[in-house]
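Chains as they are written, first to last, in the UniProt record's numbering: chain A, 1 to 158; chain B, 1 to 169.
To be clear, the hints were calculated from the coordinates, so they are not data collected in a lab.
One should not assume that every hint holds.
In silico lysine-lysine, DSSO-like type, Cα no more than 27 Å apart, as pairs [unchecked claim]: (1) B/K114 with A/K140; (2) B/K114 with A/K149; (3) A/K105 with A/K76; (4) B/K88 with A/K15.
Pairwise CB distance ranges (calculated) [said to hold, decoys possible]: (5) A/V147 with B/D132: 34 to 40 Å; (6) A/N137 with B/W75: 31 to 37 Å; (7) B/K149 with A/E114: 40 to 46 Å; (8) A/W117 with B/T81: 51 to 57 Å.
In this text, a Cβ means the ideal position worked out from N, Cα and C, and glycines have one as well.
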Amino acid sequence: MRWTAQDFSTFTLSKEYIDTVLIPMVPISFDERGKDAASGSEFIQMIAIEIERQFKGRILLLPSFVYFLNFSDQDKKMLLTKWHHELTKKSFKHLFFISSDQSWKSIVEQLKGELIWIPSIPLEHLDGTNKMAIIDNQVKQLLNFFVEKWQAAEDVNA
Amino acid sequence: MSEQRVTRRQFLSYTIMGVGGFMAVASVMPMLRMAVDPVLQVEAGGDFIATTVKVDELTNEPTRVDFQFEQEDGWYTSNVTQTAWVYKDDKGEIIALSPVCKHLGCTVNWNSNKDHPNQFFCPCHKGLYEKDGTNVPGTPPRGPLDRYKYKVKDGVLYLSRRASAVRGA
């Protein structure tokens with residue numbers, strides 16, 4: 001599901017099936033790190049969209065969590081804590097953040113959340129088919145990760 | 001000098017007829033144009049999209065076929081990638097199934113779960129479908145997988161842009 005009116009209606013009708021939230025983390029910067037930040041954002045968003053396409057019926061893909069690269073770790077932690085708090089209040093069983101920025105790792109761990117960290121691959125010089133092949137390849141590996149997490153949670157409940 | 005004099009009455013009626021006729025044509029022409037428009041329209045490649053698959057290469061094992069086309073949404077043109085699971089059934093008929101689960105829209109895969117060989121499996125809520133797309137009772141999906149329409153031209157498989165629902169397949 002995506003954050004659209006139509007998907008939201010489906011979501012309210014089938015809440016019990018949609019137990020997973022995916023949030024892409026997107027950095028903004030206008031200094032020399034800007035280009036990498038933009039490239040990373042593009043990559044992460046494409047991955048997130050493809051994951052949503054595969055798991056539409058169980059994952060709700062939220063609009064990106066946007067932050068500035070010059071935020072301090074403290075700011076970042078505070079922001080993320082608020083997001084985390086709001087999202088765990090609801091009935092979501094699984095909460096995944098996806099980012100190509102390693103600095104989130106420890107922050108997410110402290111919150112006992114799940115961070116999918118993928119090193120970004122620059123896609124700007126690739127044409128459509130090659131781009132798709134790379135995204136496809138990355139996503140394929142992630143799909144198993146999701147299935148395993150779901151399975152593990154079911155095994156605990158069983 | 002010509003002897004034919006135009007009377008005031010004649011002059012007025014000619015003028016009115018001329019202007020009126022012009023106005024009538026101006027209003028009827030667009031209507032006519034619209035009425036014949038479908039005939040004039042160039043056929044935009046039809047509704048079938050060429051895949052990269054040759055029909056002879058198809059076996060009775062479902063294989064994944066991706067195909068792309070451009071879609072206009074308002075003034076925004078986007079590239080749409082569609083996927084189909086294509087195989088030949090016992091009679092040699094081509095079957096092109098949509099991978100979109102009829103439960104909540106996840107993507108199903110052929111033969112991907114060890115416990116359910118030779119079935120389509122939905123990883124989200126464990127929906128199952130037989131090879132012909134029929135949903136297995138007792139799993140979440142309520143209906144069979146949609147099917148694409150297909151065409152064969154010069155040995156190449158063409159698929160419709162959208163899959164449509166089958167009843168009692």
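Evaluated hints:
no. : hint                           : in the structure
1   : B/K114 with A/K140             : holds, 17 Å
2   : B/K114 with A/K149             : holds, 18 Å
3   : A/K105 with A/K76              : holds, 12 Å
4   : B/K88 with A/K15               : violated, 38 Å
5   : A/V147 with B/D132: 34 to 40 Å : violated, 25 Å
6   : A/N137 with B/W75: 31 to 37 Å  : holds, 33 Å
7   : B/K149 with A/E114: 40 to 46 Å : holds, 42 Å
8   : A/W117 with B/T81: 51 to 57 Å  : violated, 26 Å
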